[in-house]
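There are 2 protein chains.
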Amino acid sequence: MFKVNENYLKLPGSYLFSTIGKKVAAYQAAHPDTEIIRLGIGDVTQPLAPAIIESLHRAVEEMGQAETFRGYAPDLGYAFLREAIARNDYQDRGAEIGADEIFISDGAKSDSGNIQEIFSTDNRIAVCDPVYPVYVDSNVMAGRTGVYDPARETWSDVIYMPCTAENGFSPEFPAETPDLIYLCFPNNPTGSVITRERLQEWVDYANKIGAVIIYDAAYEAYISEENVPHTIYECGGARTCAIELKSFSKNAGFTGVRLSYTVIPKELKCGDTALHSLWARRHGTKYNGAPYIIQRAGEAVYSPEGKAQLKEQVAYYMKNARVICQGLKEAGYTVSGGVNAPYIWLKTPGSMTSWEFFDYLLEKAHVVGTPGSGFGPSGEGYFRLTAFGSYENTVAALERIKRL
Amino acid sequence: MFKVNENYLKLPGSYLFSTIGKKVAAYQAAHPDTEIIRLGIGDVTQPLAPAIIESLHRAVEEMGQAETFRGYAPDLGYAFLREAIARNDYQDRGAEIGADEIFISDGAKSDSGNIQEIFSTDNRIAVCDPVYPVYVDSNVMAGRTGVYDPARETWSDVIYMPCTAENGFSPEFPAETPDLIYLCFPNNPTGSVITRERLQEWVDYANKIGAVIIYDAAYEAYISEENVPHTIYECGGARTCAIELKSFSKNAGFTGVRLSYTVIPKELKCGDTALHSLWARRHGTKYNGAPYIIQRAGEAVYSPEGKAQLKEQVAYYMKNARVICQGLKEAGYTVSGGVNAPYIWLKTPGSMTSWEFFDYLLEKAHVVGTPGSGFGPSGEGYFRLTAFGSYENTVAALERIKRL
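Heads up: the sequence lines are chains A and B, in that order.
Residues 1 to 404 in the numbering used here are what the first sequence lists, from first letter to last.
Residues 1 to 404 in the numbering used here are what the second sequence lists, from first letter to last.
So here's chain A without its partners, still in its complex pose (with noise of 0.2 Å):
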């Protein structure tokens, strides 16, 4: 009799976002007039850039050209794109990273959770507290994670590392040793940044206890301040330390579209065992490529014109975090964010949990945000606002909040 993957039975509850949708579509449905204003899950609601879809109607039109068809794309990436990205990401930033380092994929959510797949079930993770909750939930699939704790919301095996207004929402190194450090910056959820000189530190730390830092910079395109990394590769020693995740979703509003990008650089091994071969094992096996039309969308982000219309769209959204930051002060919260990222982390009202404030927040202002402790056990008595919805929307939200 065949069984299940007992890992999967220990998981508490549906994914944060999944929950969020279903509560959201309950109260729509028992209140079909209420225009709810969604500042919840971070997904973009720009359309996509003339120049981007200009690059799609050309691939498509090659697609249905038996000249110009393309079957199979090669397992890590086309070369125009893989060959951008180093050039403009890396490159021209003064990191070190060449294109046979980057993994073409269909988004950084896949790509953040099967990477643990290449390390042991041994090894011991450590994550920020509030946290993207796929980071720990592929390691329980995974079994890494050891016993829940319900009533801490915590797991035996996880070392986790507090953000907290305390801290300034930068993690500390932690009392245990990890194996494997997901650190994300600018964060999702609290919108907070890391210095070059601090996330250095954390470099020389990886490097001396043995640990691999799994980089998420998905948010990097919403930097806006100096001494802020925009990738981990500025820091010196990185190349035998961090993997370092990106998306495209944020900065070209492709979460429909689907494309992100992982670097593994070659001097990152394990003994003799270079994790690039096993990422490469990994992506040959089990994935076939990104769609050939959607790296020819990705190729156009680094067009001068591709570039010149997404920095305007990405100011687009940080007129949004502006407008969510001065409205939320003057309806006297306490906000951090929103100034090198796309979130708006708050303190949620007396001692109003997150949870009650986002039922609030729906059935008062019919505003969806998405409750802190849905990150982590840190993140109770917080509360995450994106900018990523329409200026309208946003503007009218934030009256709506400050009415009441």
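Treat the hints loosely; a few may be bogus.
If several chains are the same, the list does not tell them apart, and a pair holds so long as it fits within one copy or across any two.
Stated by the list, open to error - Under the rule of at most 16 Å between Cα atoms (straight-line distance), these lysine to aspartate or glutamate pairs were calculated in the EDC-like manner: (1) Lys3 with Glu399; (2) Lys23 with Glu363; (3) Lys266 with Asp100; (4) Lys208 with Glu356; (5) Lys22 with Asp75; (6) Lys319 with Glu61; (7) Lys364 with Glu399; (8) Lys269 with Glu6; (9) Lys23 with Glu197; (10) Lys269 with Glu176; (11) Lys10 with Asp272; (12) Lys208 with Glu176.
These are computed hints drawn from the structure, not numbers from a lab.
Owing to the predicted nature of the structure, the values given are computational and were not obtained by experimental measurement.
Here the structure of chain A is known, so what remains is to put chain B in place on it, guided by the hints.
Positioned in the frame of chain A, the structure of chain B alone reads:
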């Protein structure tokens, strides 16, 4: 100090088609003027059908307008596609499968590699021999296959079901009891099929021993004969024992477009645990849906125009299959497959091994095929050619082979 997944290190050599790709590239580099014809990898060559191109353009246009732009897709796929599949591929054939039992994904390779993850690592797998390499390799990576015997090229904990000329390339029930049974019909690599009666016996067997059949029906569109089942759900009892994998790669030429689906009936359970909910949890945690525009392309496959155009495309490739079968027979080869499948399986001449014949064909005829032994030990002495080339190249390749 971090450690890697040791199971990855057990994998012998690289993925079959990567090896072939490297060998062909090396030969081409050494003989730059030689015109090589590739009938190796099962990659299509005909451009996308006009109905699909039109649908792609329309969807691209939608993504460029604020009113019609789409962000994150539903985790399990858009209803318009899941409903078209349920109706056309199942209900119209009398197979009782609902839209909510269909999971949209980016490729049958991804799904056939990832599906093992929802099962216990203790489960024993049974595979046909020869077989598509992904089934075994993904189980090796998960630590489910025991010790590799390089002399026999087999794993101690895998149950192999030989498919050779002696049994008409149709597996017999294994002596040992499996938990997961991988079946693929029309078969890759042998091009053989299974009768409805025989598949019913497999379903009954699986239900009796409490095993799950993972049924890969990627080549279903090539079935030309009566009494060959188009889906395992034509068999009574399949809803309690079978998962079906389907691809758009071969029926619609989507190898570079990337779209597929997996069916998990809700009755398929281990105790109280529905495999449907485990796979939904995996999709929700480690995947973010197929691109909207690609799902619209999938929808067009089921439009009246799409159906008519794709019927012609399949007929084009099957004409190639006849050219190959007939040409090989004229040249004195023993041949099977090619009637309900785009693959032709031939016996290598004399005592030549599969790889010797690969080199011989590459060097003497400049034709690339796939060595049967690459699919498993019982594939030794066999060789696979595909009908996915252009008609002109296929005719030319067979002329070259006949001249040998």
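Structure-based check of all given hints:
1. Lys3 with Glu399: neither (53 Å within a copy, 52 Å between copies)
2. Lys23 with Glu363: within (11 Å within a copy, 64 Å between copies)
3. Lys266 with Asp100: Answer is within: at 9 Å inside a copy they meet the 16 Å cutoff, but 43 Å across does not.
4. Lys208 with Glu356: neither (43 Å within a copy, 50 Å between copies)
5. Lys22 with Asp75: between (36 Å within a copy, 13 Å between copies)
6. Lys319 with Glu61: Neither, since 36 Å and 26 Å both go past 16 Å.
7. Lys364 with Glu399: Result: close within a single copy only, 12 Å intra versus 77 Å inter.
8. Lys269 with Glu6: Cα proximity of Lys269 and Glu6: across copies only (13 Å, versus 31 Å in one copy).
9. Lys23 with Glu197: Neither, since 42 Å and 47 Å both go past 16 Å.
10. Lys269 with Glu176: So Lys269 and Glu176 fail the 16 Å test inside a copy (22 Å) and across (40 Å) alike.
11. Lys10 with Asp272: between (35 Å within a copy, 15 Å between copies)
12. Lys208 with Glu176: The answer is within: 14 Å in one copy meets 16 Å, while 49 Å across copies does not.
The earlier numbered hints that this structure contradicts are 1, 4, 6, 9, 10.
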